[in-house]
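Engineer: The chain contents come next:
There are 4 protein chains.
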Amino acid sequence: MTDTMTIPDTTGTDVFEDRESVVRSYCRNWPVVFDRASGAEQVTEDGDRYLDFFSGAGALNYGHNHPALKTALLDYLSEDRVVHSLDMFTVAKRDFLRAFEETVLRPRGLDYRVQLPGPTGTNAVETALKIARKATGRTDVVSFTNAFHGMTLGSLAVTGNSMKRAGAGTPLYHSSTAPYDDYLDGSTPDFAWLERVWADGGSGLALPAAVIVETVQGEGGLNAARPEWLRALADLCARFGVLLIVDDVQAGCGRTGRFFSFEEAGIVPDIVCLSKSLSGLGLPFSVTLLKPELDLWEPGEHNGTFRGFNPAFVTATAALREFWSDDTFAAQVRERGAQLRTGLEQISARVPGSAYRGRGLLAGLRFEDPTLAGRVATEAFDQHLLVETSGADSEVVKVMPPLTVTAAELQRGLDILDRSVRSVLAVAA
Amino acid sequence: MTDTMTIPDTTGTDVFEDRESVVRSYCRNWPVVFDRASGAEQVTEDGDRYLDFFSGAGALNYGHNHPALKTALLDYLSEDRVVHSLDMFTVAKRDFLRAFEETVLRPRGLDYRVQLPGPTGTNAVETALKIARKATGRTDVVSFTNAFHGMTLGSLAVTGNSMKRAGAGTPLYHSSTAPYDDYLDGSTPDFAWLERVWADGGSGLALPAAVIVETVQGEGGLNAARPEWLRALADLCARFGVLLIVDDVQAGCGRTGRFFSFEEAGIVPDIVCLSKSLSGLGLPFSVTLLKPELDLWEPGEHNGTFRGFNPAFVTATAALREFWSDDTFAAQVRERGAQLRTGLEQISARVPGSAYRGRGLLAGLRFEDPTLAGRVATEAFDQHLLVETSGADSEVVKVMPPLTVTAAELQRGLDILDRSVRSVLAVAA
Amino acid sequence: MTDTMTIPDTTGTDVFEDRESVVRSYCRNWPVVFDRASGAEQVTEDGDRYLDFFSGAGALNYGHNHPALKTALLDYLSEDRVVHSLDMFTVAKRDFLRAFEETVLRPRGLDYRVQLPGPTGTNAVETALKIARKATGRTDVVSFTNAFHGMTLGSLAVTGNSMKRAGAGTPLYHSSTAPYDDYLDGSTPDFAWLERVWADGGSGLALPAAVIVETVQGEGGLNAARPEWLRALADLCARFGVLLIVDDVQAGCGRTGRFFSFEEAGIVPDIVCLSKSLSGLGLPFSVTLLKPELDLWEPGEHNGTFRGFNPAFVTATAALREFWSDDTFAAQVRERGAQLRTGLEQISARVPGSAYRGRGLLAGLRFEDPTLAGRVATEAFDQHLLVETSGADSEVVKVMPPLTVTAAELQRGLDILDRSVRSVLAVAA
Amino acid sequence: MTDTMTIPDTTGTDVFEDRESVVRSYCRNWPVVFDRASGAEQVTEDGDRYLDFFSGAGALNYGHNHPALKTALLDYLSEDRVVHSLDMFTVAKRDFLRAFEETVLRPRGLDYRVQLPGPTGTNAVETALKIARKATGRTDVVSFTNAFHGMTLGSLAVTGNSMKRAGAGTPLYHSSTAPYDDYLDGSTPDFAWLERVWADGGSGLALPAAVIVETVQGEGGLNAARPEWLRALADLCARFGVLLIVDDVQAGCGRTGRFFSFEEAGIVPDIVCLSKSLSGLGLPFSVTLLKPELDLWEPGEHNGTFRGFNPAFVTATAALREFWSDDTFAAQVRERGAQLRTGLEQISARVPGSAYRGRGLLAGLRFEDPTLAGRVATEAFDQHLLVETSGADSEVVKVMPPLTVTAAELQRGLDILDRSVRSVLAVAA
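Chains as they are written, first to last, in the working numbering: chain F, 1 to 429; chain Y, 1 to 429; chain E, 1 to 429; chain L, 1 to 429.
Just to be clear, a hint being listed does not mean it is correct.
Any copy will do: because identical chains look the same in the list, a pair fits if it lies in one copy or spans two.
[As the list claims (entries may be wrong)] List time: in silico EDC-like cross-link candidates among lysine to aspartate or glutamate, alpha-carbon distance up to 20 Å:
#, residue 1, residue 2
1, K291, D14
2, K291, E301
3, K70, D80
4, K70, D185
5, K70, E322
6, K291, D111
7, K134, D190
8, K291, E17
Worth flagging that the hints you see were computed from the coordinates, not collected in a lab.
So that you can see chain F by itself, here it is in the shape it has in the complex (with noise of 0.2 Å):
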C-alpha cells in the first residue's frame, strides 16, 4: 500500500507558502522576516527595525537577548553540560529550585512543592487540573468565562473562546463557566451565584475539585480582577473545599509589577501554574507549584520528555538571581505601568467608547466598535511598532513592552499608538 505523492517542485518559491501549515496566524499581520532581536528591539532580514511591544506574547520579559541570561547560557553550552534529563537530578536543576526557593518563595512566605511537567503553559494548566480532581477525587472545575489556558484537551475545556473550543473536535468536558469580575456589569453580587449553587443539594452542579483563574485574562480582553474579588474568590473556595489554581502564565514573573500577578490581592492559591518568562530568554519552560499537601503524585504518574531541560534552568536561575533578589527590578515595572495606563488613558479620552484595560505592563484599549484594534494595530506595525489584539472580537489593542523597556522606549510606543489611533479615525471619520 504504497501511496506515491506528487511533490511540487518548490525551488526558490516561499517554502512558508509551500510547506507551513496554515494555521499560522502571527505572520499574517506581520509578513516581514525577522532575524535578529536586542531588547525591546526585532530587526528584519532586511534590517528594518520594529519596537516590540508584543514580548512573545509575555514570553520575552526581559527583552530579546539579555545579556546575563544569555552569557549564562552560552558559558553553560560551552562546557558540554547537561542539556536534556527529564527528571534526573542535575546541577542545574539544583541551581534553579536553590534560586527559585531564595528569590521567591521564601522572601514571600511561600511553601509550594515544585513540579516540572512539559515545558509549555498548556503543560503545567493540565497538570494543575489532574492534580486537583486527584486531590479532591472531585472531577468538575470552574473556570471563567474569556479565561485561556491552552490548547490540549484538559486546557481547553476550562478556555472561553469559542472557535478554539470547536477546534477540539469533540465536546468538552468536567469544567463549568462562571462571570469574570465585572462580566455582568455590576448588575450581580460577586459569587452569588458560586455560593448559593455549591450549598444546594438541589443546584444540579456538583462541588468542583477547583477554580482556575487569571488575575489578568491576557487573551481574553485584558480584564483585570480586583483584588477584593479575588480575595473574594480564595475566601469562597477556602469555605467551601474548593482547590484554588491561579493561571499566571501569561500575568506572572513580574508582568504585573511583582513576581506573581495574586501578590498584590494578598491571597494564597492552591497552585499556581508558570511558564512563557520563566526561563527569561523565550526558552520552553513551565513549572506547577503545590502546595505541601497536594503533592500526592505516584513517581511518573504525569511525565513528558522534555521536563527537566536544563538550559531553562540556567537562564531561569540567571533572570530570578538578575531581577527578583529584591523590588527594585518590580518597582520600575510598576512605575512603567503607571507610565502606560496614563498614555492609554490619553488616548482613550480622545476615543468615545474607548477604555483602558488590563494593569501593570499588561494593558491595553479596548474599543466598541471591535474592527477598529486591529486596524489599529495593523497601522501600528506599518509604523514599526509591534502590538497584537486581544478579545474575542479581537477588540482590545493589547501593549505588553518587555518589563526592561525604558520610560523612553515605553513614550515611544506610546506615540506611535497614539498616531495610529488618530489615523484609523481620520479614515474612520
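Dock chains Y, E and L against chain F, hints included.
Structural biologist: For chains Y, E and L alone, coordinates are given in the frame of chain F:
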C-alpha cells in the same frame, strides 16, 4: 484571606527532597546528580561516568552535545538572533523548513505540510487528533493496546497504561482500543474485528476519525509491528476513509534505521508526529506533518507560546544536514541495530522465558518474571550503564543507545547488561 | 458455571420485606397496605380510610377510579379491543388524537404534532431532548436549579438533585444549570447571565439546543415561576434560536388551573412533555408535543414497546371529553386553588419562617427548619391525610389533592394539616 | 411573547397524518386501522382479519386478550381497587410478588430481589446499569455487537444500531462493544479479547462494571448465543468480578421455551431485566431482578411515577398462575419452537444464502440479499400475516407468534410465509 505558610528552614538540606514534587521518577532509580555529558556518556558532579543507553528516552539520538549541533547553536545565540518568535517568520525557521524538505521529504517522495505546535510530543499528538477530527467530522480515534501517546488529556485518552489513565482524574473520551500486532498471540486474524465493525451499522462502534499507531511501542513494552501488519492497517484505513496517524515521536528520527520508522513498511500515513530527537540536541521541539488536503486549520485555531523556538530550528537544521543528507548514517544505525539484536538474543538464550523485543536501536529483553527487568536495570546502573524498563509491568529492559554509538561502545554496554543479567539470575537462583 | 442460590423460607413472612428492593420509598412513610380507592380516598386492606392529597404524585388529577373513565375502560376491555399496538393505527388512537385536537389544541390555537414515546414522563423528556438536539445540531441543554425531569440518563442530566444525579454512577453530560426564578433572592436581573454568555463568543458556554423548564417545580420545592419570568425566557430563547421545552408532566393536565401550566404566561413552547394525569385513571401514558417544523424524525428513530397503549388512549379520551370540553372544570380548579392558598397562608401566618409555595392545586408550605416538613407529613398520616414533602432537603409539605376535590374535602384536609402543624410545633416548642 | 400558530382545518382529514409525529413506523408497513384482537388474530375496523406473528414485538406472548388475564383485570377494575400507587404497598403488589416467588423464583432456585422501575424495558435496563455502576464503583459497561437495549440515553449507549445511536444527538458514553457469539465467523476464540484486556494494565480498557447481554438478539438480527458461549461469558465475568446483566425483555417470559431465556445455559446472571410480556396482556410493566447483595439502593434513589401499576400486577399474577405453575406450557412452547424451526428450514432450503436464525418462538430467516426480508414481510401482509423484519439492514424476517399459538395456526402462518417467499423470489428471478 491571607494564608500564612510555615516554611521549613532548608538551608543545607537536599533541595530536591524539599522542593521538587514527588512525581519525580528517573532520579529514584539513578540517585546521582549529573552535570556533564558527551556522546554516549553522562558524568556526575562527582566525576562518575555512566554509559548512557537511555538517550533521554529517545530525545538524544545523536548523543549528548554533538559538536555540529552545539556549534550551530552557540553561533546562533552569540549573534543575538531571534530566540522566541511564535509563528512569525524567521530566517531560522525558513532554514529548517528548507532542510526538512531537502533531506527528509523530497528524497522520500513525501508531500507533507509542516505544523509547528507546542514543542512537546504530546502537543504534536493533540494537534494530530484535533485536525483528524476536524477533517473527518468524526470524534472517535482508535488506538492500540499498550500505546503511549502523551500525558495531556487528549493524548492520554489514546494511551493504554491504566495508572497513567487514572491520573487524569476524569473519564477519558472518544477513544477505543484495538489489539496491537500479535496482542492475542496469533489466535485471531489481523484486523478481523475492525474490518467487521466498521462495515456493520449495528456494531455500536461508529467509524472513527483516525487510527493512531506507533510502529514500535517504546513505552508499552517494545512490541514491534510487522511491516505486513502496518500495510494491512494502512490499507484498511484507506478503504474506510479513516485517517492513519503514525506517532513517530520515539521511533522516528532514525531510531529504527530509517528517518521515519514507517518507511520499512512502505506506507504513507496521513499524519505524522515527530518530536524528541527532532532538534537533535535535546531542545524541546515537535512537528505535526499533514497531507496537504488535511491542512484545514483556521489561522491560530491551534496555537502555543513556544511553537516557534528558533534554537531548536537551528539544531534541527544542523542535525538534518549532518546526518540525513544521504543514507550513510541510517545504514550504520541498521548495522548497530543488528549488532544489538544479536547481543540481546545471546543473552536471552540463557534466560528461559525471555525474548528479544523491538527494532533497530529501540530494542530490549522481555522477561516472563516482570520483576527481573527492574532488577537488571538496577544492577546495570551499579555497573555504570543507564538502561530503563518498559511495559505495563516494567517487564522489559530497554536498550536505547545513541544512534551515534560506536560498535565498541555498544559491545561494552551489552557486556555490562550480560553481567547484570547473570548477577540477577544468580541471586534469583 | 451454575451458581446455586440459597433461598430463605419465606412462607408466612413479609414478602415486601423479603422480595421487594430496598429502593422502595413511599411505603416507608405510609406503612399500610392499600387496596381500594375512590375519588380523594384510599382504603387499606384493613378498612382504614385516608384522605389522599398526594394524588399519585400528580398522576391522579381526576381522583381514583373516576366513573366516566373507568366505564370507558371496562367497555373497551370487555369487547376484546386491541390493548397493545406499538405505533400501528388503531381506532382508540384515532379517537384520542381527535379528542386532543378538539379539546386541547384547537381551542388554544396550538398546532403541535403528537409524538407517542414510551409511556412515562422520563421517556417524553428523553424524546424532547433528542429531537431538540437533532433539530438544532447542538448538544447542550440548559436546565434550572432544583429541576426534576426524570431518572433515565438523559433526563437525569437535566435534573438538579445531587443524590439522584449521583445515582447515575457516571458523570452526566451536555447539560448546564441556570438559576430558576428568584433563586438568587432577587439580587440579580433575570437572565442577565444567559443573555450575556449566549451572545459572547468567549464565554465558554456554547449556544444550547434547548432550555427545559417546569413552570412549577413539583419535586424541587414547589417554586413557581412568575409569568413575566417565563415570558422573558421564551423571548430570550426565540431571539437566540434556542428551543424552549416545557416539562408539563406534573404541572400540566389542569393542575395549575388551566390544561397547560404555561397558558397563564401566554407563551407557546416549542416542545411540551405531558404524562402523569394524561390518561386520567393512572395508566402509564405520555406524549411529546412538537411544533410541526421540529417533527424531523426518521420513522422508528425513537421507539419503545409500550408507545401505543390503547387503554390509556381510551381513558385519556374520556377524560378530555369529560373535563376539557369547556372551561367549567378549569375554573373550578382555580377556585379550589385559591381556597388552598388561603388555607395554607393562614397556617403559615402562625409559623415564623414558613411560606406558601406553588400555584393552583400544586402548592405547599416551606419551612425554614427543613426537618419540620417531614414531621408534619408524618403527623398528617397519623391523622389519615396523605401529603408528601418536596425539595432538596424535603423542606416543603406538598399539598396536591385531586382536581375534583370538593370544597368541603379540601377544607377537611387543610384542617388536618393545621392540626398536624400545631402538634409538631407544640413538640418542637 | 404570545406566538400565534396557524392551525390547518383538519375536519374530515386523516388525523394520523395531520397530528401524529412522523416517527411512527409500523403503521407504514401495515397501513390499516386495527380495532379488535383475540389470541393470534387482529381485526381491522373494516373487519379484515390478520394472523399476528408479531405479538407486539414480544409483549403479547399469551396472545391478545387472553380470557384468564382479561377477567382478572375486569374484576379488579370493577371493584374500584387501587390502580396507581407508586411504591406504596398494595394487595395487588403483594399478590404479584408471591406469585413471582412461587412460580418463578423458588422452582428455579433463584434468590433475586425484585425492583419495580418505570414500566418499560428501557427503564429496567437503565436501572440495571445504575445499580451495576453503584455496586462496583466502575463506570463502563460492555455490550455486544447488534445489541438492542432501549432508547433512553443510558440504554442507547449499550445499543448497537448506528441509526438509533445517532438519534441521541450527543455522543454516547461509558460503553464498549465486544463481538457477540459467532460475530467473527468463528475466526477467533470466544472472549480471547475481553480476557486479555481485562487482565492487562496497559490495554487502555478499564475493567467494566458489567456486561449486558441478550441470549437471542431480538432486534439485532435474531442471533442466538450458544449455551457454552453464555457459560464462558458468565465464568469470565465471575473471575474478574464483572457483573453479568441479562436483558430478557424480549427473549424472557417463556419466549424461548423456558421462563428465562438463560435457563437452558444453566447460568445465573447477577441482574435480569424483564418487561414486554411480563404483564401478559400488553400492559406496561417491567422489573429488574437483583442478587440480594446488589440491592444497595437508597430509598427513592431511582424512582418513576408509574413504578406501581396495579392492573399490570393483576394480569401478571394471573399469567404466572395460569402458565407457569408447572412445565406444561413451557414444554408446549418448546414443541412449537421445533415446529417453527422445521418449517423455516424447509423454506430456507429453497433459498440459497438464507438461513434459520433464533431460538424457540423467537426465530426467523436471514437472507443474504437484505432487501428480500422486507419484501417477504410486505407480501405476507398482503396475505394477512403480520411478520416484521430484524437486523441492522432489516435482513431477517422475524417470526414471533404468540406462545399460545396452536400447531395448526403455526402451520398456517408458515404456509403463508412459504408462499410469500416463493412469490418474492419469482419476481426477483
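Engineer: One pair to classify: K70 and D80, alpha carbons no more than 20 Å apart. Within, between, both, or neither?
Structural biologist: This pair counts as both: shortest intra-copy Cα distance 16 Å, inter-copy 9 Å.
Engineer: Give the relationship of K291 and D14 under a CA distance limit of 20 Å: within one copy only, between copies only, both, or neither.
Structural biologist: Between copies only: 18 Å across chains, 50 Å inside a chain, cut-off 20 Å.
Engineer: With identical chains treated as interchangeable, where does the CA-CA distance between K291 and E301 reach 20 Å or less: within a copy, between copies, both, or neither?
Structural biologist: within (18 Å within a copy, 34 Å between copies)
Engineer: Quick one: K134 to D190, C-alpha cut-off 20 Å, is that within a copy, between copies, both, or neither?
Structural biologist: neither (28 Å within a copy, 37 Å between copies)
Engineer: Since the copies are identical, ignore which copy is meant and state whether K70 and E322 lie within 20 Å (CA to CA) inside a copy, between copies, both or neither.
Structural biologist: So K70 and E322 pass the 20 Å test inside one copy only (12 Å; across, 26 Å).
Engineer: For the identical chains here, do K291 and E17 meet the 20 Å Cα criterion within one copy, between copies, both, or neither?
Structural biologist: between (47 Å within a copy, 15 Å between copies)
Engineer: Since the copies are identical, ignore which copy is meant and state whether K291 and D111 lie within 20 Å (CA to CA) inside a copy, between copies, both or neither.
Structural biologist: within (7 Å within a copy, 49 Å between copies)
Engineer: At most 20 Å between C-alpha atoms: does K70 with D185 qualify within a copy, between copies, both, or neither?
Structural biologist: Neither: 46 Å inside a chain and 55 Å across chains, both beyond 20 Å.
Figure legend: structure checked against the earlier numbered hints; hints not met, in rising order: 4 and 7.
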